[in-house]
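Counting in this note's numbering, the sequence shown runs from 1 upward without gaps.
Just so you know, not all the hints are guaranteed correct.
Said to hold, decoys possible - In the DSBU-like style, the derived pairs of lysine-lysine whose C-alpha atoms are separated by at most 30 Å in a straight line are: (1) K115 <-> K72; (2) K72 <-> K118; (3) K71 <-> K115; (4) K201 <-> K72; (5) K67 <-> K135; (6) K71 <-> K201; (7) K95 <-> K181; (8) K201 <-> K118; (9) K118 <-> K90; (10) K135 <-> K97.
No wet-lab data here; the hints were simulated from the structure. As the structure is a prediction and not an experimental result, all values here were calculated from the model.
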Amino acid sequence: MREESELIKAIDYFVRGEFYCSRQPASQIYDYDSIKHLAFGANVDGRTDEFIVYNSNPAHVFYTINKLDIKKDYWITVFSDEELDEYETKGYTIKSKEFLMILNLESGSFETDTKIIKRVKTEEEAQSINHFFNKTVIEPEKLNDPNLHFYIAEENGYPVSHGSYARVDQTVFLNNVFTSKVHRGKGMAKTLCQKMLIDAKQEGAVQSVLISSQTGHPLYLKMGYRDVSKMWVFMSRDKNMVP
Numbered sequence: 001m002r003e004e005s006e007l008i009k010a011i012d013y014f015v016r017g018e019f020y021c022s023r024q025p026a027s028q029i030y031d032y033d034s035i036k037h038l039a040f041g042a043n044v045d046g047r048t049d050e051f052i053v054y055n056s057n058p059a060h061v062f063y064t065i066n067k068l069d070i071k072k073d074y075w076i077t078v079f080s081d082e083e084l085d086e087y088e089t090k091g092y093t094i095k096s097k098e099f100l101m102i103l104n105l106e107s108g109s110f111e112t113d114t115k116i117i118k119r120v121k122t123e124e125e126a127q128s129i130n131h132f133f134n135k136t137v138i139e140p141e142k143l144n145d146p147n148l149h150f151y152i153a154e155e156n157g158y159p160v161s162h163g164s165y166a167r168v169d170q171t172v173f174l175n176n177v178f179t180s181k182v183h184r185g186k187g188m189a190k191t192l193c194q195k196m197l198i199d200a201k202q203e204g205a206v207q208s209v210l211i212s213s214q215t216g217h218p219l220y221l222k223m224g225y226r227d228v229s230k231m232w233v234f235m236s237r238d239k240n241m242v243p
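Start from the sequences, fold in the hints, and give me the full structure.
Below you can see the structure in the form of structure tokens.
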């Protein structure tokens, strides 16, 4: 029962954190019992909508989504430790297989080394960093949000890693952690995450929740995170999928 309760809470923090980090002016969140619907109102990272599912029969998921008659690209994110063949059978494509992870900040300590980690505070910095990565990794209009902070790691004066975190109650949701390929293996992401956790802990956070890719999974395990559930992300782009 305790594990089930922890999973439900962790999923809730993920939903709220993901929505907070990805929200646009017209974004809305809807609750269909075992399905959470993030309606962004714009294309965000390749989808306009995301359905987050836990403990729901796939047939019910398909029925719920079909009723909404969404015409644009959307994702279905399912928390399950089981294989999910039903979604591929219906025409969905697997985007990624990831992990929902949690860390108790009260039982651990974090130290940063000599690497340069900076919190991004000005639009000029954000625009320069976006130009360097040739994509929007920091949204300038969100820099003044007191619950959302953006960070970069630098080497020789250039940004090589970036990430952000959102505070949801006393939980910190780490998001969009990335290190350039040529700089991986140098501890950049670890140092960046540790700095974000230190700052979040000083702001009152007692735990952290994040979504890890398979590549990043060993790093987060070494940092003390533990798995709560596997996560499967499916994409829909075929408007003629099996109903």
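TODO: Provide an ascending list of the numbers of those earlier hints which the structure does not satisfy.
DONE: 1, 2, 3, 4, 5, 6 and 9
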